[in-house]
Amino acid sequence: MFFKFSLFLISLIFNFFIADYSRAALLYMDQSSKSYGVGDTFMVKLRLDNEKECINAADIKIKFSNNLLRAVDFSRGESIFTLWIGDPLIDNEKGYIYFSGGIPAGYCGRIEGDPSFSNIIGKIVFTVPASVSENKNSEKAFVRIVDNSQVLLNDGFGTPANLKFSGSELNINPKPILFKNEWLDQLKNDNIPPEKFSVILQKNKDINNGRYYVLFSTNDKQSGLDYFEVFENGFWKRVNSPYILNKKPQIPLKVRAIDKAGNERVGDFIIGEDSSQSSSEKFNYYFIIIALAAAVGVTVFFLKTLRMNRLKIKI
Amino acid sequence: MKARLISFFILLVVAFIFFSDKTEASSISTNVRISVCGDAIVSAGEVCDAGVAGNTGEYSTSTAGRYCSSDCLSWGPYCGDGVLQARFSEECDDGNNISGDYCSASCTVEDLSSSSTPSRPPFGSIPSGGGQTGSTLSQIPTKVVVKGKAYPNSNVNILLDGDVLGVVKADTNADFLFSTTEVTPGTATFGFWAEDQNGLRSIAFNATFEVVHSAVTAVKGVFIPPTIELSNKQLKAGELLTISGQSIPEVKIFTQVHSDEETIVEAKTDKKGDWAVQLDTASLEQNIFHTAKAYFELDKLEEGVIQSGFSRSLSFYIGNDKAPNNTSADINGDGKVNLIDFSIFLIYWGTSEIKADFNLDGKVNLADFSIMLFYWTG
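Line by line, the protein sequences give chains A and B. Each step along the first sequence adds one to the number in this note's numbering, with nothing skipped, and position 294 is 294. Each step along the second sequence adds one to the number in this note's numbering, with nothing skipped, and position 65 is 65.
Here chain B stands alone, though its shape is the one from the complex:
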């Protein structure tokens, strides 16, 4: 009986390893995190947060009374920050609020030769109670700040609820920063896609979240998956297929080829962000379509290993027969999939019009709508 229980337990462990691996293989990888500057909670990535009314970034006469800046990433100037700020009437600042060390608790010079001499009040108008008197609390607009990674020197398109909101350029390290106040509080979906230096477009990456009224909503970890292209869309069995693209410089790229059995090929991007792998197609089943998609893995010391989501999934055909044509979601052929294509799509909804029947099943229906939304560029 005991032996049976042990064998049952061993099988349970084996099964757990097998099944858990299976479910993890296709799960979504997301590194996106949100912090709301103005909710009085110091979230990861924030230095301080005293709420909407408290994040004024104004000058304070003490460390204890210092004000958080409007982006929650730093403190406003204060006596005790070790920076001499004459514009706020500081005569000295030795990085503390202790008197008796030649610089008083209120940042005035102390003459220690006569201990009876009281420290003089600072010149100018240092506010009482820590902040500037008479100043009104600055109106903090509803703002969204996004930080992420795309490809070196690439143009990153930012979409708000499917419409293009702006384009920013990533730097040589593939980092980009975008901020906007053109956003209404409430549930919003920010989309991101980029075009690499070779003109290849990424898959669109979405983040849906609540934009908080009169606060700065900071979105970090927007990592756009690699771009991907194939040397051929139809090959004979045994020919070499080159799969290439761009991503962040010097990261690992894992390419998954879906066939009867899944194949994973590893590569590394160079300093420009380019990557390429070669796949021997001899072992792939003939006369069917196969798909290839890639993701990157970045080892950040402070955050551990970070994975992107999957790139666009590209299909290729192995065999001598003529491959069936795939239709495009870009109905009007302008190089974009946007509201114009959607409006044409609605005209064909419920018909068998081939222009809008992307999966060629003879009907223009929800599946075609889903395919259009997948390829959306705004």
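Just chain A, same shape as in the assembly:
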């Protein structure tokens, strides 16, 4: 009896403390302070402690006290994720934030000697709205990760990682404290444009009924990428990748990336090597270039000949 009880107790202890804790990734949050007042704007950083697991994708849902906090932005700056399924969604009415992203070949944790934690997934920018000043006392606000959020292992099978969550609890004061605006400070310090990127023109008969489309992706390591714009019909238009075109575009097609601080970078245009455009269409591009070069050459030759003839006449 004693033996069985001991065995049960030991297996319980080890299942909790070794098997579970050593294999569970931890999603947690941190911020600069525990207390904020009306008018403050601050960032809550969502971090990942991978606990020996290599992870590569996440689908995160965050719930927050929308009576005390207002989510005003989501920054992808400093994120370990480089690819995102759409833009993060903020719903202040219901008090939710959703996003999905990933990192090719996975994130395997902090490297020995790294001066930073390098484990931020995203930063939520909150402000304490003026409506809070109607409250008499300070109140507790929460920001927590919803249980059905997922982080997947980089194992080639899409296996969900065993996850633990740790949210934030904040004291919200109905009176202003210092009028902090961490977000504005970060934006002011960001004068670096988004990373270099390519704009690739594609056409594939099996996709989008064979219409042309362009694809692009980049990141901004400071304030984070905000949006992309394409230059069409004489003005810039906000778009997402892949951007499907209604007709054959004017080449080169301009696409620019703009970060949260307003810094911008125009991508390098590339005609996709593997697009399924016919060889006759490819030939058309080369033909236009050769024809233009030939026309310039003939014009130069003609002008030179004309000048020589005039000089001869003068002599």
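Derived by calculation from the structure, the hints in this document are not laboratory data. In this text, a Cβ means the ideal position worked out from N, Cα and C, and glycines have one as well. The hints are all genuine.
Straight-line alpha carbon distances no greater than 25 Å define the calculated PhoX-like cross-link-like pairs of lysine-lysine that follow: (1) A:K205 - B:K363; (2) B:K300 - A:K52; (3) A:K34 - A:K136; (4) A:K52 - B:K252.
The calculated label-pair distances, taken between Cβ atoms and stated as ranges, are: (5) A:K196 - B:G238: 50 to 60 Å; (6) B:S352 - A:I270: 30 to 40 Å; (7) B:S214 - A:L303: 44 to 54 Å; (8) A:P176 - B:S74: 54 to 64 Å; (9) A:N309 - B:S179: 50 to 60 Å.
Following the hints, position chain B against chain A.
Only chain B this time, still in chain A's reference frame:
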């Protein structure tokens, strides 16, 4: 009571051994280390580090005042380094800064026959105070240097945040070296994958870290796991399966075959880095998929035993039934899994399109996104 306590303790020890082995078996093995040249901390692998402003590598008139080089791997030239550097007006250098031994503390020849003769000042313009006068501190760019091992004479692809940054060739010992200044300070993910001499691709290996502004961030210990291939993807029970690939020359390769019970088979690479093992499939369960993956173990005297991470995990089917087809993350079939496939994937997101439903569960969702990221080549 005492006997019960002793038996409880023994059970505790047994349980610890059992459970700790279980958790270690699938843990990540990483040997990657970072040292930041320019943070004024002498990290492992650095000879010196005097901070960004101090790592000029300039000439110094004394050992005490010597300058660290910009890569923190050596000192700049100095009087007392035992190397005669005439370009810095040294007349001699006996490896010290002691006068009275025919070579003065400032590296000028001493005439000891008349002890009253003061040592002459060196010719040329030796800087006062240790460094070269009038020289401006060299602007140190933000730089990342990576050292690692792949396969002999293989091409190693280096990815920065998922995009191909460059390709370097490993030498005959499988060592490779890559450096770049095309990097913005901040959090960055460097990925590495290689193609061996047989055309097999490795799994991608990632390192995420902070790239420090105006400093050299040195990344060491990037060991790319072995390549792996199977002689057959479907076998009848009892047939021999050959599992082979390439890795660093003359290292141990451990192949794990996952079935009901895990099997580990050991091999050794030859001088070209080739390895192969044969697996008898008689004991494996029939009509299901099994997986095989490998890692290497290298015994380095100074650093102890080093293990790589796991190779790509390959599946094979044992049985007479027809094995179900696995779909590929290379949606457009160009041999690469990159942004083009990702853009097509986004078009199919939320649908049941089979081209992007890699795990064949009827939905294009996060699990398929994860599979695509696993097979990413850039």
